[in-house]
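Each chain, written out:
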Amino acid sequence: MSLTSFSWREMQARPLRVVFTFSCITLGVAVVVAVLLSTSTTRQAQRDMLRAVSGRADLEIIADGNGFPYAWLKDVSQTQGVAVAAPSLNRFAVIFAGETKARTQVLGIDPRIDMEVRDYELVAGRQPAKLSEMLLDSSFAESLHVELDDQIKLLARGGLEEFQVVGLVRPRGSAPIALSSAAYLVLPAAQVAFNARQQLDQIQLLLQEGADREEVRQALEAKLTKGVTIRQPKTQSDMAQETMYATENGLHLAIAFALLIVTFIIYNTFQMTVGERRKQLGILRAIGATRKQVGWAILKEALFVSILGAIAGSVLGLATAGYLSLATEEIFQVELPRTQITVWPFAIAIVVGVGVSLLGALLPAHRASTVQPVEAMRAVEVGHNEEVVRATRIAGVITLPVGVALLLASLSGRVPIGTDAVGIGLMLIGCVLFIPSILERTSSLIVRILSPWLGIEAKLAQRQLMRHVGRTTLTAGVLFMAISTTTGLAGNILDNVANIRGWYTRGIIGDFFVRASLPDLATGSAADLPPEIEAELGKIAGVTNIDPMRFASVQSGEDSILLIVRNFVGAQDFFDVAQGTNDLAMQGLRQRQAVIGTVLAQRKGISLGDELPIETPSGTVMIAVAAIANDYIGGGLTVYLDRSFAAEILGIDGVDAYVIKAVPSQRTQVASDLHQLCQDNGLILQSYAEVVGQIDSMANTVIGGLWGLLAISTFIAAIGLFNTLTMNILEQTREIGMLRVVAMTRSQVRRMVVAQGAVVGHHWTDSRYGGWRVCWLRHRPIVIRGYRTRD
Amino acid sequence: MCILETRDVTKSYGTGEVQVAALRGVTTTIRPGEFVAIMGPSGSGKSTLLTILGGVESPTSGQVFLEGVDMASLSDDDRTKLRRRRIGFIFQSFNLLPNLTAEENVALPLQLDGVNSRAAFERSHAALEQVEMLPRKTHLPSALSGGEQQRVAVARALVIAPALLLADEPTGNLDSRQAQRISSLLERLVTDQGQTIVMVTHDPLVANIAQRVIQIRDGAIESDGPPSQIRPAELLATKDK
Numbered sequence: 001m002s003l004t005s006f007s008w009r010e011m012q013a014r015p016l017r018v019v020f021t022f023s024c025i026t027l028g029v030a031v032v033v034a035v036l037l038s039t040s041t042t043r044q045a046q047r048d049m050l051r052a053v054s055g056r057a058d059l060e061i062i063a064d065g066n067g068f069p070y071a072w073l074k075d076v077s078q079t080q081g082v083a084v085a086a087p088s089l090n091r092f093a094v095i096f097a098g099e100t101k102a103r104t105q106v107l108g109i110d111p112r113i114d115m116e117v118r119d120y121e122l123v124a125g126r127q128p129a130k131l132s133e134m135l136l137d138s139s140f141a142e143s144l145h146v147e148l149d150d151q152i153k154l155l156a157r158g159g160l161e162e163f164q165v166v167g168l169v170r171p172r173g174s175a176p177i178a179l180s181s182a183a184y185l186v187l188p189a190a191q192v193a194f195n196a197r198q199q200l201d202q203i204q205l206l207l208q209e210g211a212d213r214e215e216v217r218q219a220l221e222a223k224l225t226k227g228v229t230i231r232q233p234k235t236q237s238d239m240a241q242e243t244m245y246a247t248e249n250g251l252h253l254a255i256a257f258a259l260l261i262v263t264f265i266i267y268n269t270f271q272m273t274v275g276e277r278r279k280q281l282g283i284l285r286a287i288g289a290t291r292k293q294v295g296w297a298i299l300k301e302a303l304f305v306s307i308l309g310a311i312a313g314s315v316l317g318l319a320t321a322g323y324l325s326l327a328t329e330e331i332f333q334v335e336l337p338r339t340q341i342t343v344w345p346f347a348i349a350i351v352v353g354v355g356v357s358l359l360g361a362l363l364p365a366h367r368a369s370t371v372q373p374v375e376a377m378r379a380v381e382v383g384h385n386e387e388v389v390r391a392t393r394i395a396g397v398i399t400l401p402v403g404v405a406l407l408l409a410s411l412s413g414r415v416p417i418g419t420d421a422v423g424i425g426l427m428l429i430g431c432v433l434f435i436p437s438i439l440e441r442t443s444s445l446i447v448r449i450l451s452p453w454l455g456i457e458a459k460l461a462q463r464q465l466m467r468h469v470g471r472t473t474l475t476a477g478v479l480f481m482a483i484s485t486t487t488g489l490a491g492n493i494l495d496n497v498a499n500i501r502g503w504y505t506r507g508i509i510g511d512f513f514v515r516a517s518l519p520d521l522a523t524g525s526a527a528d529l530p531p532e533i534e535a536e537l538g539k540i541a542g543v544t545n546i547d548p549m550r551f552a553s554v555q556s557g558e559d560s561i562l563l564i565v566r567n568f569v570g571a572q573d574f575f576d577v578a579q580g581t582n583d584l585a586m587q588g589l590r591q592r593q594a595v596i597g598t599v600l601a602q603r604k605g606i607s608l609g610d611e612l613p614i615e616t617p618s619g620t621v622m623i624a625v626a627a628i629a630n631d632y633i634g635g636g637l638t639v640y641l642d643r644s645f646a647a648e649i650l651g652i653d654g655v656d657a658y659v660i661k662a663v664p665s666q667r668t669q670v671a672s673d674l675h676q677l678c679q680d681n682g683l684i685l686q687s688y689a690e691v692v693g694q695i696d697s698m699a700n701t702v703i704g705g706l707w708g709l710l711a712i713s714t715f716i717a718a719i720g721l722f723n724t725l726t727m728n729i730l731e732q733t734r735e736i737g738m739l740r741v742v743a744m745t746r747s748q749v750r751r752m753v754v755a756q757g758a759v760v761g762h763h764w765t766d767s768r769y770g771g772w773r774v775c776w777l778r779h780r781p782i783v784i785r786g787y788r789t790r791d
Numbered sequence: 001m002c003i004l005e006t007r008d009v010t011k012s013y014g015t016g017e018v019q020v021a022a023l024r025g026v027t028t029t030i031r032p033g034e035f036v037a038i039m040g041p042s043g044s045g046k047s048t049l050l051t052i053l054g055g056v057e058s059p060t061s062g063q064v065f066l067e068g069v070d071m072a073s074l075s076d077d078d079r080t081k082l083r084r085r086r087i088g089f090i091f092q093s094f095n096l097l098p099n100l101t102a103e104e105n106v107a108l109p110l111q112l113d114g115v116n117s118r119a120a121f122e123r124s125h126a127a128l129e130q131v132e133m134l135p136r137k138t139h140l141p142s143a144l145s146g147g148e149q150q151r152v153a154v155a156r157a158l159v160i161a162p163a164l165l166l167a168d169e170p171t172g173n174l175d176s177r178q179a180q181r182i183s184s185l186l187e188r189l190v191t192d193q194g195q196t197i198v199m200v201t202h203d204p205l206v207a208n209i210a211q212r213v214i215q216i217r218d219g220a221i222e223s224d225g226p227p228s229q230i231r232p233a234e235l236l237a238t239k240d241k
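First to last, the sequence lines map onto chains A and B. Going left to right, the first sequence walks through residues 1 to 791 as my numbering numbers them. Going left to right, the second sequence walks through residues 1 to 241 as my numbering numbers them.
Don't take every hint at face value.
Examples of chain A residues lying across from chain B (beta carbon under 7 angstroms, computed) [as the list claims (entries may be wrong)]:
#1 S7
#2 R9
#3 A13
#4 P15
#5 L16
#6 V18
#7 Q280
#8 A289
#9 T370
#10 P373
#11 V374
#12 E375
#13 G580
These are computed hints drawn from the structure, not numbers from a lab. A virtual CB, placed ideally from N, CA and C, is assigned to each residue, including glycine.
In isolation and in its complexed conformation, chain B is listed as follows (with noise of 0.2 angstroms):
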């Protein structure tokens, strides 16, 4: 049983001569519960890897299934609506509306859902409550720090309940005391509440709190397994190559 699975995904971007293949053939499942990380180095695809994991862009080839649904066989409005209730995506840019407050932000998801206003706040606060930011609801992202604005982000992420959550370098903009906070973040959801995480991230000290990390290099997985089996000079080497 298994909550994603792709089968030989290929993406490639450009056309005729000038095309470049930023995934080859990318197999791999994902378990419920499971926090796994990606990790290669620039340029190798894991980032391309997440869009497609999260039906953000689809595969030039091959299939996706999120809880037994091929992802590339919806409609764009389908697919959306999927990623709406089932996915929910961290950035690295943590890209909160900077319009809107925290919880509005928090509960945008909900109210495009058609959840009603009241209810989709209420859900709102128990999110950031979750992660302690419920006193800073009311405020605009320009008035948070870089580690506040992460935790309002993962907390429009939770929001949903997603069956699967998807981070892009989620520490990749904080310092390392913020950073620490959010790795913890996450590990205590996997730990506490089963939740179901897929994180790219160049930092092997982030890495190392997955249960599963796979490597990818040149659009293909070189390695998958847990932390433990990969050299802390291999996960060096995956940050700047």
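For reference, chain A alone in the conformation it holds in the complex (with noise of 0.2 angstroms):
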């Protein structure tokens, strides 16, 4: 307590600076509690929603392709062990609620049990028992504004049918059902709706009492040999796991750097502080402060800072949580309930605020403690050179290794891919760490550059420089990593819009779309439409071809992944292919093989010419892999075969979406002929321009998050300069008067002042290239294990 009020009044000396650190730690904190809040809300949904639907089962059995036959329903409740067996019918559908449109996943159930298999409850009315009726998820109710014993339309591929809403029902636990909104019918009334009658899509089982699950899953296998898979309920999807993943990954890597580059502010601030300090320091240790205060004093300057930087941090984060999560309802186009509060976040970001702070904060601590008394009756010589010098390398040496070795793991597969971020990172840092050995060669070279224009102002401002290795290596550590991170990072996401842009213009090939729903990104899954409609877009004058496209999810192996199925007709070029050739692939596919995608091929082991297995309803099938595609549906985890041969092995038929084509001259009649069409039927048409326009607005979004981290981070390093030449003029007072004493002139000085600042921020170049490291590194994993990126 008793150097509180000298470090209170050292900060109100210093707003600027207490302001900056402030604002470092806040914005720091602001990023950790959004991502945290923003993918809690997304996990959190998903695990809503899945639980709605897989409940509280102990096993369930899933159709492989198209469903089963609801007779074997009867073998399944009689199988020794099993309890309950609650069949369902589960396929996606659009609503229509007034002039309101939604897609929803439909439940086709059996009311009298599906309560003791689904873990929701009755909000209002109760079960439907007609076919016509119909229960709703409230909140997905709420969204619609539809109540109690509305009517409300669905279409399916049985057409559009009209149902009345009976009862309300709401998932237990704290969120409500998000990413897709759930509607329960009875089953037979599904069963008609989707013209799946006497069929089945999954059963959800409970086990008696004792029952041994393993047991009881060998007794259903042995009956039930082709076309199911049995299992555990999964708590997530694998697909839209995979797909959330890459976008998870790229936010907890934004945390880590954020959080480096914090440390990295506030240990430098902090240096500064004491440098700036000394004689004060000396001058408490000479009156009786001892070791320890004088060191606790910084810490708790920076305690102070960082707990209000960690509350400021929470309210900004909060709000960037809601933006985010609007941002992923735009790129997913997922509906996605309010933002989860919970205390997590808050506390993780507070705890990791503060902790960053007092770690930055630590070392420059120390060195106040080991300021000497006699500092307060005259200058001590504190810079040692030779030792910042060894001391970093020696750092350095340790460190780069360590961050090659965690590569170069990551790229043999031998640690998760993950790593290879922290490899990166403590790469750039071992860099950092090399800089006081090169500091003194490389700005020689920078002063020799610059000295036809600013003379020997520049070789003056370079001596000042070396004076303080120490400091103008931090400065010169902050620029680099953050310019480094962001370009990196920029890089990287750049990259990747360019990729998704160069995959569309391979992959959506067609003038007009038409579906019942727009398709989840995540899942893939879409309402199916009438079949009857291919024979009305048939009719139109001006269309040359039709395509039916059909997103199934499958299983191989222990993975569910999505299958695309399509004709192929006319297409070249189609996919962004990272092993084989457009021709081979679509060969192959004519053949009875399959194109995936990279990230299946990398969690298979698969590469080009082996076999993928496929759970189908007469056992499994091996497909030969025509080539590799980079995809972004489904996180990767895609299969592609062609119409026909998935309609043999697995069932497929029905339509998500038609791509059409048309005769170039007549493309306006056609538009307007598939207008009347679409809005007769509640359908959605879209033409190649507004797909494109869609992805388009989606990269905008990421790029335009992106100049907004490369601002934050040019405002990070230009504060860090700012601070450290600072630092040096006020150190230089008396140098520079003796300096205008032997005739320097103001403009002189100021030269000498820009040079220092030039000399600094030379390292600029060095940032853009470490980023492009960065960049090429985070690619190299995928690289090195076969599967390029892009072309």
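Take the two lone chains, each set in its own frame, and fit them into one complex as the hints suggest.
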């Protein structure tokens, strides 16, 4: 407490520095809070959705392909150990409520037993009893402005049908259903709506008390030999998880780098603070402050600012989380619930924010505690440059190889692929630690270059900088880290955006797209189109080709993967091929082979010519891989099959979307006719330009965020440079006065300061190299493992 | 009975061939209530001796006893605690903390020692009263003249009721009128309160108020006796030699 006034007054004397430190912590904490809140909201929504669908079941039986016979339910129910067998049909459709239209996940259920296996509760009304009755998720109903007893329409494969909402349900737990919104019909009604009479998609099983899950599973497998997968319910969808993983990985990487830079800045700022206060600290020591008291005084300042920063950052993070959720909704075309505000993200952010600040202030505090009391009486030489150079070189020699080793281990697949980020971070820190060793040479070079313009001032500037190698290194280090990580991440994301653009210019070939609902990019699921639509489309004059597309979830070993079924008629350069060629891909698809996404190939360890196992109603089928392509649907866990082949082995039929080509000269008329057809049937019509515009809009959201990141890092780097130059000038006051006495003009003094900035700032160049190295290295694991991300 | 004793104290700076000996075998004693002036030319080692007497620096060899305790044998923390309880420092450049008011500067050594704020400020006010600075207690150092700052510094040194007051050129940065005022203050402390003071000075007039003058040259004691035994020419010679 004794030094509190001292610290407080010192902070008041440097308001700008305090504000800067506070801002850095605020930004860092805001990033942590925003990312944690946003990802926890998304994950919670996913979990709740899956809990509502999978519920409390001990086992589930899932169709491989397009459903399985309803008659199997009896066999399942009679299996030893099974207490409850709840059948369901699980499909997507479009719901119309007045003027509002939305995609919905329809569950055809047996209301008498369904609530025993699924985790939801009836909050209003009653269970459906008739074919024309429906249950709706309560928050979904709210968003549609639908109330109990309202009539709504459902567009499914069987056409447009009307239902009455007789009950509202809510999943148990804190969060409402999200990602998709659920509607519940009695099973026969769903079978009619989806043209799936006597079919089931799933059976959820509750086992008898004491029953052995594995034994029951084996008994069921013996009975149901083909066409289904019997498993323990998954808590998360593989594809959705894979899709979110890339985004979450990027966001977590952003957190790591933001915190690293914040630590660097706080360290730098407090080093300067201690440097500035050496004499005062010496006085404190002389009049009786112990080392511990002096060290604590510095740490308390960091603690005070960090607590304030953490509080402000939490508020800012909360606001930013809303924006991130909106961006997630925009990018993944999903509807998320309100941001789930739980205490954990804030607790973690505050602990991390305060921890990072204390970590950054730890060394300066130690340095403060070593100030000798004699410094109150006379200036003591403290700049041991040789020691700084030696110490940082040793630290660099340790850090750099560790980083390289981690990266190599990640490249060779010995450690998880995400470890490469840690490796790259350590490599960057290692590079910063080598700056003192090369500083003299590089700054001399810059001075030589600047000499024609700045003359002797540049030389004086370099001498001043070299007097404080540690401080100059820190500033250059902050500059290096800030710019390199930002350009690295920016390069990475821009590359991905370029990849996505390359992908859609190949993969989205068509003039018009007709669908019942927009597809879910995470799962690929969409509402069924009534089959008679194809015939009506064929009647439109000017239509040259109708390519029906179907998305379905299939099982490959333990993985749920997204199957994309098309005709691939007239397609050229369709895939963004990573292994193989487009010609081979098309040829293979026609010859009962598959094209698979890079992520799936990586997960399965599959190369060109290998075979991919797919579970089908008639057992496991091995399909030769004709090509491996970059894909951005379903997180890259995708397999492409020709329509006729998919129908043959998986019984896949139905259509999610039609890709339509028209005679160029008749496109306007075709558009008009399609518009009328879609309006009459409640379908969505999109032109190629609209689809591309939609994807571009997502990409632009990302690019906008990048400019923000660049602006922040430039701001941070500029403030770091400002800090160092200010410190140097403060120290040089007497020297500058002397130079003025010996006839240095004001403009020459200014040039000297500018030259200092230029010499430190030349690390901007290194930073860009560092940045591109980050970008390049982030791609290497995929490249090395045989799956490049772009041509 | 002595309050301070040094035995064959040496102090060297640097390493290897570039070693500089600042003190060479200094042995002396200071008795309670004594006012001792240390004089010598620039670079003679007088300030180094003062820092070693105050436990601010450790001698390279030899021993320094404060009230019988060998300061060299103490850890840094224990030496610091001894310093804040038993030794008051007055510096040439006042060394007040610029962002603390006069009363806060004076109370600080007590607060560092765990004295509660109320008691610390009461004692701070008493010390400021003693140096006639109480009316200026809420002023920051920047709002005080040099003489006033030095009086606050004296109050800060006195507030802990030190066994030993060490002053390093206390009048060095003051004009003659202020220097005279500080000299008188120090003299009064010795005569009225029996305060022990060891003062480094260049100023023969200031040295004249001391009871004893130790002259140092090239790190060793050249002479030690009352000011009257030192000829004015010698006193003057120490100033800029």
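Now for the hints, and whether the structure bears them out:
{"no.": "1", "hint": "S7", "verdict": "10 angstroms, violated"}
{"no.": "2", "hint": "R9", "verdict": "3 angstroms, holds"}
{"no.": "3", "hint": "A13", "verdict": "5 angstroms, holds"}
{"no.": "4", "hint": "P15", "verdict": "12 angstroms, violated"}
{"no.": "5", "hint": "L16", "verdict": "16 angstroms, violated"}
{"no.": "6", "hint": "V18", "verdict": "13 angstroms, violated"}
{"no.": "7", "hint": "Q280", "verdict": "6 angstroms, holds"}
{"no.": "8", "hint": "A289", "verdict": "5 angstroms, holds"}
{"no.": "9", "hint": "T370", "verdict": "10 angstroms, violated"}
{"no.": "10", "hint": "P373", "verdict": "4 angstroms, holds"}
{"no.": "11", "hint": "V374", "verdict": "5 angstroms, holds"}
{"no.": "12", "hint": "E375", "verdict": "9 angstroms, violated"}
{"no.": "13", "hint": "G580", "verdict": "70 angstroms, violated"}
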